[in-house]
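**Student:** Residues per chain are reported as follows:
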Amino acid sequence: DGGITQSPKYLFRKEGQNVTLSCEQNLNHDAMYWYRQDPGQGLRLIYYSQIVNDFQKGDIAEGYSVSREKKESFPLTVTSAQKNPTAFYLCASSSMGEDFYEQYFGPGTRLTVT
Amino acid sequence: AQSVTQLDSQVPVFEEAPVELRCNYSSSVSVYLFWYVQYPNQGLQLLLKYLSGSTLVKGINGFEAEFNKSQTSFHLRKPSVHISDTAEYFCAVSDPNSGYSTLTFGKGTMLLVSP
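Same order as they appear, the protein sequences are chains C and P. The first sequence begins at 18 in my numbering and counts up by one. The second sequence begins at 2 in my numbering and counts up by one.
Any given hint could turn out to be false.
Dumping the calculated EDC-like pairs for lysine to aspartate or glutamate here, alpha-carbon to alpha-carbon at most 20 angstroms [claimed, not checked]: (1) P:K70 to P:D86; (2) C:K74 to P:E21; (3) P:K108 to C:D76; (4) P:K59 to C:D76; (5) P:K108 to P:E21; (6) C:K26 to C:D71; (7) P:K108 to C:D47.
Rather than coming from a laboratory, the hints here were simulated on the basis of the structure. A quick note: this is a predicted structure, and the numbers were derived from the prediction, not measured.
Construct all of the structure, not just a fragment, from the sequences and the given hints.
**Tutor:** Below, the structure written as structure tokens:
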């Protein structure tokens, strides 16, 4: 079955540590996205990538970094510079064809930093 | 920049009653519109989308939405809800002229269906 995998589902870290969240898709989609979800805030775009080796900042990129070395993978690093990293993180992907704007979401990773 | 307003943060309703979840967006130029559903601790699933054509869009699980350009609205409706419809619902908008496929989401509406 095609889909998006995010691992792990729950992640715990100490303050001051960098942490990398995994996102893998086997949908052969060109575009991938990272969102942050906080209660009552909806989803906010962190980074997105429409092609390998290229990515753009979203609305809340400060304190985060990404790479896109392979089409199927788009890992997100939450750095120690992110002031409030505890949140639910969602990865998504979309094709570049006629369903360009339809995003498919992974199950999410809940990050808790103490 | 576009914005999306979901007017109700929570909508309580009894099982088998009709429901409408409201969504307004800021831009009056052409837009693509989406409704997604999220069950607890899961990712989002697409319910329906409006790209062009008929303003009444039918989606999965018996939901439908009506695009109203003059009122910049895209309200979601279901004539008879089930307990299993309890979830959070997100309205989202995309600008087809931007060249980018990014979505702007509303803050969500929690639909609470009780027996």
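**Student:** It remains to establish, for every hint, whether it holds in the given structure.
**Tutor:** Results of checking the hints against the structure:
Only pairs whose Cα atoms come within 20 angstroms are accepted, and P:K70 paired with P:D86 is rejected, the gap being roughly 27 angstroms. Under the criterion of a C-alpha separation no larger than 20 angstroms, the hint pairing C:K74 with P:E21 is inconsistent with the structure, at around 34 angstroms. Distance check on the hinted pair: P:K108 and C:D76 sit about 15 angstroms apart at the alpha-carbon level, within 20 angstroms; holds. Proximity of P:K59 to C:D76 is assessed by CA-CA distance (about 31 angstroms); at most 20 angstroms being required, the pair is judged violated.
About 16 angstroms separates the Cα atoms of P:K108 and P:E21, which keeps this hinted pair within 20 angstroms; it holds. Annotation: proposed proximity of C:K26 to C:D71 is violated, straight-line Cα distance about 27 angstroms (limit 20 angstroms). A C-alpha spacing of about 27 angstroms is found between P:K108 and C:D47, which places the hinted pair above 20 angstroms, so the restraint is violated.
In terms of the numbered hints stated before, the structure departs from hints 1, 2, 4, 6 and 7, listed from lowest to highest.
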